[in-house]
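There are 2 protein chains.
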Amino acid sequence: MGEVYIGIDLGGTKIKGILMNEDGLIVNQYSTSTGNNLDNLFEVIEKLIQENKAMSSRICGIGVGCAGLIDHKNGITIESANLPFLKRFPLRYTLYKFTGIETTIDNDVKMGAIGEMFYGEGKGVKDFVFLTLGTGIGGAIIINGKVYRGITNHAGEIGHINLQTAGPDCGCGKKGCYESLASGSAILKYILYGIKMKRDTMILEKVKGDISKINTSLIVEMAENGDRLCLEALTESARYTGKVLSYLINILNPEKIIIGGGLSEVENILFPVIRETAQLYSLVVPFQNCLIIKAGLGTESGVIGAAQIALLQYKGIEI
Amino acid sequence: MGEVYIGIDLGGTKIKGILMNEDGLIVNQYSTSTGNNLDNLFEVIEKLIQENKAMSSRICGIGVGCAGLIDHKNGITIESANLPFLKRFPLRYTLYKFTGIETTIDNDVKMGAIGEMFYGEGKGVKDFVFLTLGTGIGGAIIINGKVYRGITNHAGEIGHINLQTAGPDCGCGKKGCYESLASGSAILKYILYGIKMKRDTMILEKVKGDISKINTSLIVEMAENGDRLCLEALTESARYTGKVLSYLINILNPEKIIIGGGLSEVENILFPVIRETAQLYSLVVPFQNCLIIKAGLGTESGVIGAAQIALLQYKGIEI
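Keeping their order, the protein sequence lines are chains A and B. Counting along the first sequence from 1, when you hit position 277 you're at 350 in the working numbering, and nothing is skipped either side. Counting along the second sequence from 1, when you hit position 9 you're at 82 in the working numbering, and nothing is skipped either side.
Hints in this document: simulated from the structure, not taken from any laboratory. All values reported here derive from a predicted model rather than from experimental measurement. The reader is advised that the hints may include incorrect statements.
Repeated chains share a single entry, so a pair holds when one copy, or any two copies, can fit it.
20 Å max Cα-Cα, derived SDA-like pairs, lysine to any residue [stated by the list, open to error]:
no., residue 1, residue 2
1, K196, M275
2, K146, R222
3, K219, I392
4, K247, M275
5, K199, F360
6, K248, Q361
7, K248, L353
8, K196, T225
9, K388, I99
10, K248, N217
11, K248, L236
12, K247, V346
13, K146, N362
14, K286, V357
15, K279, D300
16, K367, F162
17, K199, I392
18, K160, V358
19, K269, L111
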């Protein structure tokens, strides 16, 4: 009887679930919207368990990656900006009671880094940084093949590096953090401000004047079609990313910086600017020896990492 | 017969040497100026060997900390801005041939971090950053009780974090690096520019108009006596340090940031500003859990660390 593992990526808008086998292959998947409580999470897990009954496999573990600050040791979600119902919630125990299956929870970006480490761009790489560029910006640091956590499990809070003394408000309560300047939300704000300032752009026409319909995908599409404002918003974001990458390169001298999250899909526009800016501010040798590269698993790093952590937990391998 | 170790701190202007016993106690010391070739280094080592003959101890190892990029594995000094005669020089082999004693060489800031780890503020601390504020600015990162080096041994190049897009020229060839804005040299430039701009200061009178006599010690003395320009130059430097510390806190979430080097002696003026600025730009919990503190060994961290690395090498302990 084969062994399979459930991996869950519990995001602010969407829950992704997979069944992964021992070889890291996804054998089944199910996704739905997140909702305002745990019901949809239970639904995803229940669905995967049901699907598995048709196969002759045993589910040996569940891994859940969740945005925000997670006490992975005690299995408690401390704080998650987009999942208010998970404030100080014993998620691991709750899921274990519901399923009878050993469960592991951790921060979604750390899960993504683990996914990349085993099946993506992090394979065989001792020291790397994993960065997710999406609605928010997250980071995780792998040192010597292990997740580096720091003294209070906050290591890798790259999104909150200050880049403007009194810049835009950030979700963390401070001003001018990298995230507040370069995330998907920041790009959207850049466009909306451009529209307000009557900058030349085709995006307003595209949404027939309904600015609520403007989102990152549309901004990317317009940029690819040559819209100057959209292109400018994306390159502005990429320049901030490049600067922060230079900090990571000078401080950590990593072998790779792996970039995931929705925005990493816009490789052709963002990556040349990111690399050029990183080079401008990094020491020569560390820059030359650091590969800045798109996540090998695309936007699936997190959910695969979540299943992988369940596998490692089952095999008794510490990470 | 007791065992002793030679520790050398090979700086741009001064060579410090010590004999350290197994308990980390300094039993003898000798210092001289650096000079333009290896003669003075040989002199310091020869002197310590001679001094030791009067004691009934055996010298079991030599450790040399040296500014710049050092290939510690092969014992070669690659590049050292203030020690041009050490460019691509096999220093370890040369000293071994001269003394017949096993020799270890490494970067001076890494040596300082090791000194602090064993005998200073880093004792019992798993993850910390060691920063030296002097004529230049150096950094070393200790993770899990070991020196973290990165892929090309450049990890910890904190002095070259860019803080101003097109700021002052830096020794690394770039512009606006933290070091170019906050080091002892930068503080001196700040004062000289202030004098040129006819700012109100007593320092010019103090040196009787001879600006070549102005140095960091004098600036500190004048600041302590309330000279506004000198105080301003130091607090400006401290603000840059605080900002960089916030980056280290957000990225690495270390238990301590230990500050050594000559400028760390100016604790009463610099540290309150450093802490306040670091707090302004750090996430709350990681800041609250990070002690920003002066090096326990003062300006001796490097030379003690150098002797300690010789001891560890002799005992076969990898670091």
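Looking at the structure, which of the earlier hints fail to hold? 1, 4, 10, 14, 16, 19
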